[in-house]
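**Q** Chains A and B supply the protein sequences, listed in that same order. Take any residue in the first sequence, count from 1 to its spot, add 46: that is its number in our numbering. Take any residue in the second sequence, count from 1 to its spot, add 46: that is its number in our numbering.
Accuracy of the hints is not assured; some may be wrong.
[Unchecked claim] Derived pair list, reagent style PhoX-like, types lysine-lysine, alpha-carbon separation capped at 25 Å: (1) B:327 with A:247; (2) B:174 with B:189; (3) B:189 with B:211; (4) A:189 with A:211; (5) B:247 with A:327; (6) A:240 with B:174; (7) A:174 with A:189; (8) B:243 with A:327; (9) A:243 with B:327; (10) A:327 with B:211; (11) A:327 with B:240.
[As the list claims (entries may be wrong)] Just a few of them, taken from the derived set where beta-carbon distance is under 7 Å, the chain A residues facing chain B: (12) 142; (13) 143; (14) 174; (15) 258; (16) 309; (17) 326; (18) 330; (19) 336; (20) 343.
No lab work stands behind these hints, which were simulated from the structure alone. Cβ coordinates follow ideal geometry from the N, Cα and C atoms, glycine included.
2 protein chains.
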Amino acid sequence: MSGIVECVPNVSEGRRWDAIDRMADAIRSVDGVRLLDRTSDVDHNRSVFTFAGPPDAVEAAAHALVDAAFREIDLRTHRGEHPRIGAVDVVPFVPLAGTTMEECVAIAHRFGRAVALRHQVPVYFYAKAATRPERVRLPDIRKPQYEGLAGVIATTHVPDAGPSKVHPTAGAMVAGARPPLIAFNIELDTTDVKVAKRIAKEIRESSGGLPAVQALGFELTDPPRAQVSMNLLDTSQTSLARAWHEVETRASADGVRILRGELIGLMPLDAAVQVTADALKLDGLSRDRIIEAHFIE
Amino acid sequence: MSGIVECVPNVSEGRRWDAIDRMADAIRSVDGVRLLDRTSDVDHNRSVFTFAGPPDAVEAAAHALVDAAFREIDLRTHRGEHPRIGAVDVVPFVPLAGTTMEECVAIAHRFGRAVALRHQVPVYFYAKAATRPERVRLPDIRKPQYEGLAGVIATTHVPDAGPSKVHPTAGAMVAGARPPLIAFNIELDTTDVKVAKRIAKEIRESSGGLPAVQALGFELTDPPRAQVSMNLLDTSQTSLARAWHEVETRASADGVRILRGELIGLMPLDAAVQVTADALKLDGLSRDRIIEAHFIE
Numbered sequence: 047m048s049g050i051v052e053c054v055p056n057v058s059e060g061r062r063w064d065a066i067d068r069m070a071d072a073i074r075s076v077d078g079v080r081l082l083d084r085t086s087d088v089d090h091n092r093s094v095f096t097f098a099g100p101p102d103a104v105e106a107a108a109h110a111l112v113d114a115a116f117r118e119i120d121l122r123t124h125r126g127e128h129p130r131i132g133a134v135d136v137v138p139f140v141p142l143a144g145t146t147m148e149e150c151v152a153i154a155h156r157f158g159r160a161v162a163l164r165h166q167v168p169v170y171f172y173a174k175a176a177t178r179p180e181r182v183r184l185p186d187i188r189k190p191q192y193e194g195l196a197g198v199i200a201t202t203h204v205p206d207a208g209p210s211k212v213h214p215t216a217g218a219m220v221a222g223a224r225p226p227l228i229a230f231n232i233e234l235d236t237t238d239v240k241v242a243k244r245i246a247k248e249i250r251e252s253s254g255g256l257p258a259v260q261a262l263g264f265e266l267t268d269p270p271r272a273q274v275s276m277n278l279l280d281t282s283q284t285s286l287a288r289a290w291h292e293v294e295t296r297a298s299a300d301g302v303r304i305l306r307g308e309l310i311g312l313m314p315l316d317a318a319v320q321v322t323a324d325a326l327k328l329d330g331l332s333r334d335r336i337i338e339a340h341f342i343e
Numbered sequence: 047m048s049g050i051v052e053c054v055p056n057v058s059e060g061r062r063w064d065a066i067d068r069m070a071d072a073i074r075s076v077d078g079v080r081l082l083d084r085t086s087d088v089d090h091n092r093s094v095f096t097f098a099g100p101p102d103a104v105e106a107a108a109h110a111l112v113d114a115a116f117r118e119i120d121l122r123t124h125r126g127e128h129p130r131i132g133a134v135d136v137v138p139f140v141p142l143a144g145t146t147m148e149e150c151v152a153i154a155h156r157f158g159r160a161v162a163l164r165h166q167v168p169v170y171f172y173a174k175a176a177t178r179p180e181r182v183r184l185p186d187i188r189k190p191q192y193e194g195l196a197g198v199i200a201t202t203h204v205p206d207a208g209p210s211k212v213h214p215t216a217g218a219m220v221a222g223a224r225p226p227l228i229a230f231n232i233e234l235d236t237t238d239v240k241v242a243k244r245i246a247k248e249i250r251e252s253s254g255g256l257p258a259v260q261a262l263g264f265e266l267t268d269p270p271r272a273q274v275s276m277n278l279l280d281t282s283q284t285s286l287a288r289a290w291h292e293v294e295t296r297a298s299a300d301g302v303r304i305l306r307g308e309l310i311g312l313m314p315l316d317a318a319v320q321v322t323a324d325a326l327k328l329d330g331l332s333r334d335r336i337i338e339a340h341f342i343e
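So that you can see chain A by itself, here it is in the shape it has in the complex (with noise of 0.2 Å):
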């Protein structure tokens, strides 16, 4: 099991059907890789790309796509309501079966300095793969954006490798590593909006709640329902089965029962051992007590 790495590239471009579909050719021509999830938001005009495989078919996919975007997106003329700050705005490598997070960070790093080579691009390491303490958080980095770079590119924006000059048609990049994030929603057995929002905002961390945990409280209307919306930023610090209990608690509390989970796109194997073990109480249960585990290519 040599190991599988997530890429989940976001690209400035959600308008332009033909060139979104370039760009995922570009990313499935690479032996080895699959495509798992593409979504483009037309008001945003941005793309993502969810792409998964060993380590380095994963790079090689991530250069194809650079390669690809680099043609194809020219920010002097590109507009959308999403900050961005490069044509190629952030690429973050992913652990998964049988990787490191030390393995994605050094492929960050090996990623992001080969494309300031190559095409002389200033590059911004992030998250995981942060190099000082305010790289960590994507919207610092991002906040100049395109237009602004160049202002402060030679003060606060030094770049982490390539030229310290905005590229005019690709902008800058971010790359980095982070863990696996797991966007997951909860259906409440009521329609009172106001048990969703109060939910959220106990659990999510900004207001003090579970670590990892963003969340928001949404009322569905078709049919009219309460639904507590969670990303799962790194399911070691809050799993998806401790969401869940703390949700479940929460809305017991108002007599209110769940109804059912929702899971958007896809999660790694990890988070359902995870889930396996807090229900069956077995401690320590790991992925290699899944049979089909010691096959992943």
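With chain A's structure known, arrange chain B on it following the hints.
**A** Chain B only, in chain A's frame:
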């Protein structure tokens, strides 16, 4: 993804470690196959190997094991407490991620016929690979044992493949296909074994409980504790989550909590996906929502 098949042969040798090692080596000699577990019982004079891999490789490894076992074992001198009919007593093939029961039935038939031809050994097909109703259950086939088989091989025990003549040293062989078996125990927070025995009786299929569930109540001594010990023979009939809930509900009615679960050996990915779906109310969660499942060779 070409899929994974598991094979769990039982051989009639549990005492001579060097002979058992040579059988394990035979299995491991096939590229792509992983020997996941081996268990030998001296009293039973019997060993169980658990290996898995791509279907072709697993079939080849089963042949390699048969060759080694037939060289090592002479049933004329074999003594042990466990009923047995052959040197290689029973060879079940089990579909895991990406393979079907139909494929495993085909493998069992092809493998059984090939062993019959190559070694002149009578072969019976059981479980999902049975070709007649009276051969579905293994104990029915094995009942005469090696010593009694010659007396019935021309009447009730005409083989499904191979000669109607017991092989002097190898006896006969049973091959088949079945769902994965999960061996799972639940420890109760009580020393009263009667609670465990009553729950086991209520949930096991043989006394009208849950389909495809075998269960017994045991008294653990260190620390003293009551345990419900289960074999789940087909999780499409009764899932791990269902078995857990049934034990929990019955224990609760007696005011007894579940202390912990215990998984013996390994579990298939689909079983963990089932438990995750139940715990998070994710209707229809399937293996393809697990990222790494797309990379099972």
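**Q** Does each hint hold? Answer for all of them.
**A** Okay, the hints, checked on the actual structure:
1. Using a Cα cut-off of 25 Å, the hinted pair residue 327 (chain B) and residue 247 (chain A) holds, with the two alpha carbons roughly 22 Å apart.
2. Taking the CA atoms of residue 174 (chain B) and residue 189 (chain B), the gap is near 19 Å; set against the 25 Å cutoff, the hint holds.
3. With a C-alpha separation of about 17 Å, the suggested pair residue 189 (chain B) and residue 211 (chain B) falls inside the 25 Å cut-off, and the hint holds.
4. Between residue 189 (chain A) and residue 211 (chain A), the direct Cα distance comes to roughly 17 Å. Compliance with the 25 Å bound is thereby established for this hinted pair.
5. Of the pairs offered as hints, the one joining residue 247 (chain B) and residue 327 (chain A) holds, with about 22 Å between alpha carbons and a cut-off of 25 Å not exceeded.
6. At roughly 54 Å between alpha-carbon atoms, residue 240 (chain A) and residue 174 (chain B) are farther apart than 25 Å, so this suggested pair is violated.
7. Among the hinted pairs, residue 174 (chain A) with residue 189 (chain A) is consistent with the structure: their alpha-carbon atoms are about 19 Å apart, no more than 25 Å.
8. For the suggested pair residue 243 (chain B) and residue 327 (chain A), the alpha carbons sit about 21 Å apart, so the restraint of at most 25 Å is met.
9. Under the criterion of a C-alpha separation no larger than 25 Å, the hint pairing residue 243 (chain A) with residue 327 (chain B) is consistent with the structure, at around 21 Å.
10. For the hint pairing residue 327 (chain A) with residue 211 (chain B), the CA-to-CA distance comes to about 51 Å; that exceeds 25 Å, so the pair is violated.
11. Simply put, residue 327 (chain A) and residue 240 (chain B) have alpha-carbon atoms about 22 Å apart, close enough for the 25 Å limit, and the pair holds.
12. At its closest, the beta carbon of residue 142 (chain A) sits 6 Å from a beta carbon of chain B; the interface hint therefore holds under the 7 Å criterion.
13. With a least beta-carbon distance of about 5 Å to chain B, the hint placing residue 143 (chain A) at the interface is held under the 7 Å criterion.
14. Violation of the interface hint for residue 174 (chain A) is found here, the shortest Cβ-Cβ separation to chain B being roughly 19 Å, above the 7 Å cut-off.
15. Restraint check, residue 258 (chain A) versus chain B: the minimum CB separation of about 18 Å is more than 7 Å; hint violated.
16. Taking 7 Å as the C-beta cut-off, the interface hint given for residue 309 (chain A) holds, the closest approach to chain B being about 6 Å.
17. Proximity of residue 326 (chain A) to chain B holds as hinted, the smallest CB-CB distance being about 4 Å (cut-off 7 Å).
18. Hint on residue 330 (chain A) is violated. Least Cβ distance to chain B is approximately 10 Å, over the 7 Å limit.
19. The restraint placing residue 336 (chain A) at the interface with chain B holds, with a minimum CB-CB distance near 5 Å, inside the 7 Å limit.
20. With a least beta-carbon distance of about 5 Å to chain B, the hint placing residue 343 (chain A) at the interface is held under the 7 Å criterion.
The structure does not agree with the numbered hints 6, 10, 14, 15, 18 stated previously, though it agrees with the rest.
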